[in-house]
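**Q** Sequence:
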Amino acid sequence: MSSQGLFPVLVAFAGNSQSHEVILIDEKTESFNALATHVYAHLGPHIDDEYRPNGQERHITKMWVQWNQVKTNEFPLKTYFSDTNIGALLHLLAARGGVDKVYAWLNEIDDPEEEYDDPEEE
1386 MSSQGLFPVL VAFAGNSQSH EVILIDEKTE SFNALATHVY AHLGPHIDDE
1436 YRPNGQERHI TKMWVQWNQV KTNEFPLKTY FSDTNIGALL HLLAARGGVD
1486 KVYAWLNEID DPEEEYDDPE EE
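Number 1403 in our numbering belongs to position 18 of the sequence shown; there are no gaps in the numbering.
Wrong hints could be hidden among the right ones.
What the hints assert, rightly or not - Calculated pairs, PhoX-like style, for lysine-lysine (alpha carbon to alpha carbon, straight line, at most 25 Å):
id, residue 1, residue 2
1, 1456, 1413
2, 1463, 1447
3, 1486, 1456
4, 1486, 1447
5, 1486, 1463
6, 1486, 1413
7, 1463, 1413
In case anyone wonders, no lab produced these hints; they're calculated from the structure.
Generate the whole structure from the sequences, applying the supplied hints.
**A** The structure is reproduced here in structure tokens:
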């Protein structure tokens, strides 16, 4: 990854305000999987043991940008990353110069009967 096109982003795991990092993201990242892998490489070592039952490895299944603290009619609260919008979202994040926060959601490895807070239901 060359230094051209890199910009800083504050990234945190959803539901865990203790695990966050400022990392450099390449504006030319072409897929969600590539972005998720890059982010996890930086955040993964900071996952508390309680989120790794039996030492199981996790991976990122969803990521979104938190634009505003309060939803308004004019602006969305958040936008999820996908392969179709990743270029536009990364370009916008780079242009805004690190004022936004990106959240990552980890795969579920707990008992499927247990309830959890889904970020899409906020």
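**Q** Between residue 1456 and residue 1413, is the straight-line Cα distance small enough, at 25 Å or below?
**A** Roughly 29 Å separates the two Cα atoms, so the pair is violated.
**Q** Taking only the CA atoms, is the gap from residue 1486 to residue 1413 under or equal to 25 Å?
**A** Since the Cα atoms of residue 1486 and residue 1413 sit roughly 19 Å apart, the hinted pair holds (cutoff 25 Å).
**Q** Just to be careful, I want the Cα atoms of residue 1486 and residue 1447 compared with a cutoff of 25 Å; is the pair within it?
**A** Answer holds: residue 1486 to residue 1447 is near 14 Å, not above 25 Å.
**Q** Holds or violated: residue 1486 with residue 1456, Cα cutoff 25 Å?
**A** The given pair, whose Cα atoms are some 15 Å apart, holds under the 25 Å limit.
**Q** When you check the alpha-carbon spacing of residue 1463 and residue 1447, does it fall within 25 Å?
**A** holds (12 Å)
**Q** When you check the alpha-carbon spacing of residue 1486 and residue 1463, does it fall within 25 Å?
**A** Judged against 25 Å, a Cα distance of about 10 Å means the pair holds.
**Q** When you check the alpha-carbon spacing of residue 1463 and residue 1413, does it fall within 25 Å?
**A** Holds, at roughly 21 Å.
The structure is inconsistent with hint 1 alone, although it conforms to all the rest.
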